[in-house]
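J.: Spelled out from the first residue to the last, the chains are:
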Amino acid sequence: MSGGELIALALLIPLAGAGLIALAGRRPNLRESVTIATALLLFAVNVRLAVGVLDGETPALRVLEPVEGVPIAFSIEPLGMLFGLVASFLWIVTSFYSIGYMRANGEARQTRFYACFALALGATMAVAFSGNLLTTFIGYEALTLTTYPLVTHHSDAKSVRAGRTYLGILLGTSIALLLPAIVATWMLAGTLDFRAGGIVSGTASDGVVLLLLGLYMFGIGKAALMPIHRWLPAAMVAPTPVSALLHAVAVVKAGVFVVLKVIVYVFGIDLLNSSGAGSWLIGIATITLVLASVVALTKDNLKARLAYSTVSQLAYVVLAGALATQWGVLGGGMHIAMHAFGKITLFFCAGAIYTALHKTEVSEMGGIGRAMPVTMLAFLVGALSVAGLPPGGGTWSKWYIALAAAGTGHLIVVGALMLSTLLNVAYFMPIVARAWFAPQAARPARSVGAMAAPRESGGLQEAPLFCLIPLSLTALGCIALFVFAGDLETFLAPMIDGLSTRGR
Amino acid sequence: MGEHLPILQVILPLIAAPVCLLVRHGAVCWLIATLVSWLCLAIAVLLLMQALDGGTIRYQLGSWVAPWGIEYVVDRLNGFILVIVAAVGAVVAPYALRSVAEELPERQIGLFYVLYLLCLSGLLGITITGDAFNVFVFLEISSLSSYALISMGRHRKALHAAYQYLVMGTIGATFFLIGVGLLYLMTGTLNMADLAEQLKPLAGSRIVLAAFGFIVVGMGLKLAVFPLHLWLPNAYAHAPSAVSVFLAGTATKVSLYVVLRFIFTVFGFEFSFAGQPFGPALLILAIAGIVVCSLVAIYQDDVKRLLAWSSVAQIGYMLLGLSFATALGLQAGLLHIFNHAIMKAGLFLAMGCVFLRLGSCRLEAIAGVGRQMPWTMAGFLLCGLSLIGVPLTAGFVSKWYLVLAALEKGWWPVAALIVLTSLLAVVYVWKVVEAAWFREPPGTAGRVGEAPLVMLVPLWIVVAANIWFGFETSGSVDVAKAAALALMGAVE
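Each protein sequence line maps, in turn, to chains A and B.
In the working numbering, each number is its position in the first sequence, counted from 1, plus 12.
In the working numbering, each number is its position in the second sequence, counted from 1, plus 51.
None of these hints come from the bench; they were simulated from the model.
No experiment lies behind these values; they were computed from the predicted model shown.
A couple of the hints might just be wrong.
[To be verified] Now the stretches of chain B that chain A is said to cover, found in silico as 3 or more residues with beta-carbon under 8 Å: (1) 344-357; (2) 441-451; (3) 470-483; (4) 517-525.
We put the beta carbon where it would ideally sit given N, CA and C, even for glycine.
My request is simple: use the sequences and hints to build the entire structure.
T.: Encoded structure:
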């Protein structure tokens, strides 16, 4: 099969899957089998595509041309391929996890849940493989719209309010800032294609470049740069599998992925350096990554803490791009994968704790390590990886980002990175320490529903296997990424070839 | 047969109307109206194709030669508008069967189709004629029938709305007539092409200027230019659903066409734009209309009224394109005429389905209806996305060209405004979506079923058009471009 056909498949499989899921709605086992089969197929297609990309191919597909000169086109470069691979692989894991979580918690409207999940993955593929800015924009908006029903899954007043924040900020910034930025790019460059070295260099003054960069960076709301990060904590009202795959991987990574692509293929890192626009972005990203970590410290709700941690980690990727060096881009690209595995593990654990013990607040989690040893061990691994400490994969991406910062002489940034690592430890480790060493809290007053039926306290009380196995897998993934980080580097190498070696 | 198509376009519905009056039987009238609407669409498409291939078609009524006799002219511009009007008619006619049967008393159903056919004939007539006075005649035919159609609405407020429209519409028509009279006074002719010739040496005349003012303001009333729009929200909100769809898709578009025809063909670009601050005035009114009416739309509780306010705002976008006074701006405006016709028709069609089942379009009444009428509300959502201007829908394409046109002039703030006001559309569309899907149905309501197929099929044809013209734009964009160039070409 040609690359173009494979891309078409990668876009159509989730769509078809969503349709079948809707049809199989009355038979849960069949419905979930369809989900799993769709996820497996999608991953297989991604692997097949990745083999091609490794061989140096650039699979491409051109569909239509809605407005003159701007086709809907797809074309895969290494970073997009990596993003597609990570998202589709984690979808398989998340699908299993969802089965455990959704059934154990007796969630309603599961058909809508699985169908929207498949659609969201389709939109993610469109973003990952997009060949020009318009296509990216379409996928980006589709991702917002398809995840909205997932955020408002509970359909109560609280989730509708959160849904409004979610939609308002994401749609608002993308229409008000990103779209004008795209149109302006079109006016300046006469093309919207992603090209090595960028398309706007030489067409605009430094001031315009700075303005354009601002429009892009705040227009891509999914990258959650402060002060447009509020949608991410709001999205935490969704069921945990959604927070895990979409709001730690697909949606937010789509944001930083587009940021990296815009920096590398629209502006070009040379332009970012020469125009001085990059230093503004470095400043904003640095402030975001420190501030968000501080806010995370103050959150007692585990998912809220994880959300702010994500905001902080996303800023790492933006920072990496803004540093505009080979190492920076490499580190940013790697961090997309590293953080994906680490954060999804943490969310899986949060969901498992909720499923098994119905605890959501960190302060209630004393002694739960004895009831849920596997979960808390996985949590430890995930936390280490996110913080950037061995044996987690996050070590390497942070290493490169720090190298890039040091290489370009941004010593304050290096300091901020180290400070952020400390803060990471400060907000994660108490959870782990409390789980293992603090005395078990009195029987929680909040235990609700049949699931929390009192069992012997002190005994093992893990979440269902459907939850437990996925979270162990992703935790192992974090460690594997630590060991095999070199392969990841090779995979991304073509992307940074030919970039400036300044400060390398 | 072929050369008589222009007159058939108008005369078919005009003859079918009295036939329906004689028959009076609801279902038979419906059949006649539907067949005639479809035939009209076929004729309009043929005419447009002829106009695109072979240039302007001129048809002399009764073989009386042009400046003395009445002449029908089809060029790219009005061929395009004819297709829009006829297409909306062709979709509304089948849809009306169930909708009208539900909303009107039995004895009025036959009359409804009579009025509908008259209105269609009037609108097509305004569009096709090349004679200034003839425009007034057809304007009255379409207006009088639409007043009556609106007054058929189920609520007593419909009478009030129709009366309000009658008063404002009559003032508008009178203004238009005064304008045409002044032109006749100065030139002694009513034929548009002839008028254009005769007016050239009279560019400095104050009387011509007054005529221009009367005509533009008069049609502005019919067109619902902000701030002359006050009749529109009531009229659309209280009219029977099928009438709302029909008027929303056609009436204001045709009025806008008349304005375009007069300012470009009759008065000429130089006179209209270069000789006086018409462009800036239009720009200000357009922007004010877009902003104010979008904001008002947000605060509506009745979805039909919300859509009506949004219509006034959308008319602002069309005028905005016109006010740039460039080929690209005009193209964007024309494109938006077409795209807005299909998106707003789709939205009103969906609301007609909801009204059929629930008897109300208020936000609290439609709570939770998304799960009970999934196809209808999915159609509403897609057309709503088009209204917002989400990519892959028709609405995106017109917004894209509007923004490009603004940037071409170097008007950054206007481009930003177009984009920002789309966000207001997000808010009011989402209010409906949220109510339909994410709110629990009111306790009193029983479960309702999906709308009947005879209504769903027209709805989904329009929805498909919204998607199709978002993907495959060569049809709509190229025709709009050709029409815009033809209009501008007359001056350059």
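J.: Quick check: do three or more residues in the region 470-483 of chain B have a beta carbon closer than 8 Å to a beta carbon of chain A?
T.: Coverage by chain A holds for the region 470-483 of chain B (6 residues, Cβ < 8 Å).
J.: Quick check: the region 441-451 of chain B, covered by chain A? Criterion 3+ residues, Cβ under 8 Å.
T.: holds (count 6)
J.: For the region 344-357 of chain B, do at least 3 residues have a Cβ located nearer than 8 Å to some Cβ of chain A?
T.: Our answer is that it is violated, as 0 residues pass the Cβ test (under 8 Å) against chain A, missing three.
J.: Mind checking, does the region 517-525 of chain B have 3 or more residues with a CB under 8 Å from chain A?
T.: Our answer is that it holds, as 4 residues pass the Cβ test (under 8 Å) against chain A, meeting three.
Checked against the numbered hints given earlier, this structure breaks only hint 1.
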